[in-house]
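Protein sequences, first through last, are from chains R and A.
Under the working numbering, read the first sequence as residues 75 to 478, first letter to last.
Under the working numbering, read the second sequence as residues 719 to 1333, first letter to last.
It cannot be assumed that every hint is accurate.
Said to hold, decoys possible - Quick list of in silico lysine-lysine cross-link-like pairs, BS3-like style, CA-CA up to 30 Å:
(1) A:906 - R:452
(2) A:983 - R:164
(3) A:1147 - A:1208
(4) A:957 - A:946
(5) A:908 - R:477
(6) R:150 - A:1078
(7) R:208 - R:254
(8) R:160 - A:1043
(9) A:983 - A:957
(10) R:126 - R:164
(11) A:883 - A:983
(12) A:906 - R:477
(13) R:160 - A:1184
Stated by the list, open to error - Over 10 Å on every C-beta distance to chain R, these chain A residues come out as not near it, computed from the model:
(14) 1101
(15) 1178
(16) 1321
Derived by calculation from the structure, the hints in this document are not laboratory data.
All residues carry an ideal CB built from backbone N, CA and C; glycine is no exception.
Chain by chain, the residues:
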Amino acid sequence: MKEILRIAVVSDLHAYDTLQDGEARPSHLCTTSPEDQPTLHPIAGLLDLIDKDGLRADALLCCGDLGDKSRPAGIKYAWERLHLIKAGLKADDLFVTSGNHDLDSRYIHSDDAKGVLQSLTPKYPLADENLTNKYWSRNYVVLTQDQYRIVLLNSSAYHGTRNEEFAHGRVSIRTVEALKTELETLEKTSHRDLNILLCHHHPLKYADIGDPDYSDMEGAARLVDALGSGDYGHWIIIHGHRHQPRVTYATGPATAPVVFSAGSLTAVLYPELQLLARNQFYIIEFPLDEIKTLGLGLIGTFQSWDWVLGLGWRRANRDSGLPAYGGFGNRHILSMLDKIEAVINSRGEPWTLDWADVATEVPGLKFLLPTDLETLIKRLKTDKQLNVLRDDNGQPAQVGRKKS
Amino acid sequence: MNLRRSAPSIFDAFNARALNPIEVAQTFIPPNHYEELVKPVHSIVIGPRGSGKTTLLKMLQSQALEAWQHPEASDYRSRVNYSGVFIPTDIGWSEQLKALGEQQLSSEEKKLFGTAAFTTQVLHALVDTMYYRVHASQNGGLVPHRRIQISRADEALLVTEVARKWYLDLSIPTFLALKHELTARLGKLKELSNAEVLRGPEGRAERLAAIPYLLLHFLTSAIFIVEKFNDLANEPNAKWALLFDELELAPKLIRDELVQALRSKDERWLFKLSISPYSQDLNLLKTPDSAMPGNDYQPIALWYPYKEDSYNFCNALFRSMVEQKGLPPTEPLDVFGKSEFEASKAEMSSAYRPGARLQKRFVRLAQQDPTFREYLQGKEVDLNRMHLLTEGERAALVRKITPLVTIRETFRRSDLKMLSGVGKKRGRKNPALYRGAKSLFAIVEGNPRWFIGIIGNLLDEYARTKIQISPSKQGSEVSRAVNKFRALLKTIPSPPITGQQKPRGLLSIIDLIGEYVFNEVVRNDFNPDAVGSFIVDSNLSTELTESLGRALNAGAIIYIPGRDEDGQYVFDSLKGKRFRLSYLLAPHFGLPLRIFEERSLSIFLRGEQGPNLFP
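When you get a sec, could you build the whole thing from the sequences and use the hints?
Shown next, in the form of structure tokens:
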């Protein structure tokens, strides 16, 4: 049995081949760009990073929007590149879901909105014909793996059916109910600890940074309630679409799902987003043993890398969207305060410690959300007179007391 | 001001400035200069843009040495028995501070802020190095270099004492906190100089004098922590190398400080500086009490006046690139083929056999060029018996002139029109002539950035196709680089040359030189000792001499030291020195890749050609 399950996440590639007159470049991924410069081509760069740093994952997840505005060449190109990334990571599986840009909902290229996706090779989204048919007919498919369960949800399922539907995602009552029924019939005792739902649209609205947020998934409240009910185990929802990375908890009880919003791998970011986010790549780690022993529910850590044109992929920093390292699942910030203080006190003079040593003795620490970690750092200072120093990535490096 | 000193560079994407030590180490191939540089003496690394100065200095840091995987890495790790402290010249601290008080602060006050920022930067880099030695993570495939263990209590005592001496207030007593406070001080200095501009000069002297940290000197402050650190590490005599990069960008007062420091006799310090070869106001190197090359410091020149000297390094770079691209062991000859300018070792005499490729060139030239026939007659060379000459005879009579014959034969043939005076000054369109491993190696001048930009690109092509790269593909890659380089030279200011229409910067003078040499080697009578290099003479204007200095820093011209030069490679004036055009420019003008005789540049510029030796 593995001790750690690793999931690599990419999202919103928006590949394109040609541009209309006056059309702005949608992404850094043009099908005709040379692919031999890892510092200039984001996919070449990613493969280089994976190779140089020896990155590995059990599965590669993509939250949709392979091409931009359903360009067939862009979708095909991105689909092929995803397989290269999967091979680079030595991953067993590639799981994808469909984004609004993957369906030709405005009939620009043909009369068949799903046509390009359905004609891809290898088969999309899954190699298995029956499962692929289920995905297209029921808008979701449940896959039970050795150590986790994953649901691919098509939140763009109604694109190409009526006007303005393409402006947002949707999950219907029928889909949620069918999913609930299927999860109930699956063996209830297995896979309670680690369940992933992959979709394109965000199930939770964002606080506005420009126009009001209307593009979320209609009907998602019902989905979130169902997954968070505790009846079907613990869940993490991984989605894309917003290009605005964040990790948070859904509303609901203590078992409400973790919601991991992946930033875009390669899209040119809207001006209002550029100060808040970068193009990012992620590896999420689920510590299977600690999920069992710590009793915190679904916990995990993640690493993020930023795309910097001219330099390649770099560890993210504090202003990138998601930081270089982070966690989720530990919802008990305040109990950490006393524990950290106790560790420092037990070591005595000179009252300084590396954060890594503290994290070893306070095992829940690394599973705090990045935002909760910031709160913790503030409270350590105000409540415990403990100062935290950061490293070059903005991560806590040392903690201690000022020398009197 | 600084922009003027810093020459631009092509393939700047490969600049090591933005790379961290681990990234630098991942691709580092040691040139001979590295061996010189690691010696525990003061050194000045001198080279044009892209010659690898930053990379060399960065490779003296423990962090880089630890991550370096190379057959010679462990040997070098043991040889670097000191701690390298890399200090980038941050245009930030010098330029911003200068700009801030441009009008309002007096030069003394600017000096005060500039020096304080510099001191802070040096101490920051020093503390960062100490932090790494004590706290760096042990994993990640690193081979430890000069790591030490210091207890938390000892660390706390040391930094508390140092913080007091440096007027810093630490949030926790660790090296990391010390480092953070120094970062904060840099910001504080900026705020302070801003505030002083607003407050006005009244009472300023008293206000500034009351801020004690403004007066800290970088070396006295640094030795304070070094002494304590060495004691704790139980290495009382351990050395620390301060590595100052891109000195040409630093304000003059700091350069003066550092050049002065080269005379330091304190055994604990090593100074290793990098600088461009031409630096107008570095006259300090010339005063009687200034540091002497070879005596106070070791000068390390990162260019190769003679192309053969760069071949070892080029071969090593080539092998490492082949490996990086996952190719099986491959020779440069496999990828690029033979050079048109010389016989390979394997060929030797056979290339000169009747009907062989070089012999045919000789015959063709003899047919169309009467002055060449006369030369051959004078030397009693029989073109059908060249392969029968002894090796010594062939070297003196035949091999020596082969590059010249190749060029002449190619361009007299294609440039018949030009010989008749029609269609002057256009690029010679035969870049494929410069194909082949040896020619490409000569063209990149041992400049790592050019090597990666040109040869790296071609190797990618080879990795895809696995067949020898065609001459035309090699030629077009070279042309691309030449065009980039020429576009860049256009941006370097230079005084106008007579009759010039559009401003073309340095390119005007480079073109004059190139055309002159082309006339000498191709259009004029055959002369094995044609003129191909120039001396910067005193008839040239100061402005022109200065722009030649910038050409030197950009790598457009290459310094050829004389036999009895004193090892002085940093110039405040180029007068009296000998140079050649960079071989990267040779394909544009149609020049051979070899050094020829010299002549004063003012004669070039007047357009006077040399006497006809074979009328």
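Take a quick look at whether residue 160 of chain R and residue 1184 of chain A sit within 30 Å of each other, Cα to Cα.
-> 26 Å, holds
Does residue 1208 of chain A lie within 30 Å of residue 1147 of chain A when you go C-alpha to C-alpha?
-> 20 Å, holds
Would you say residue 1101 of chain A is clear of chain R, with no C-beta pair closer than or equal to 10 Å?
-> 45 Å, holds
Below or equal to 30 Å on CA atoms is what counts here, so check residue 906 of chain A against residue 452 of chain R.
-> 23 Å, holds
Does the alpha-carbon distance linking residue 208 of chain R and residue 254 of chain R stay inside the 30 Å limit?
-> 15 Å, holds
Agreement of residue 983 of chain A and residue 957 of chain A with the hint, judged by alpha carbon distance not exceeding 30 Å = 12 Å, holds
Take the C-alpha atoms of residue 150 of chain R and residue 1078 of chain A, compute the straight-line distance between them, and say whether it is at most 30 Å.
-> At roughly 53 Å apart (the allowed maximum being 30 Å), residue 1078 of chain A and residue 150 of chain R break the hint.
Going straight from one Cα to the other, do residue 906 of chain A and residue 477 of chain R come out at no more than 30 Å?
-> 23 Å, holds
Are the Cα positions of residue 160 of chain R and residue 1043 of chain A separated by 30 Å at most?
-> Distance ~20 Å between residue 160 of chain R and residue 1043 of chain A Cα, so the pair holds.
Is it true that the CA of residue 957 of chain A sits at most 30 Å from the CA of residue 946 of chain A?
-> 13 Å, holds
Hinted pair residue 983 of chain A and residue 164 of chain R, Cα distance within 30 Å = With Cα atoms ~56 Å apart, residue 983 of chain A and residue 164 of chain R exceed 30 Å; violated.
Starting from residue 908 of chain A, check that the Cα of residue 477 of chain R is at most 30 Å away, please.
-> 28 Å, holds
In terms of the numbered hints stated before, the structure departs from hints 2, 6 and 15, listed from lowest to highest.
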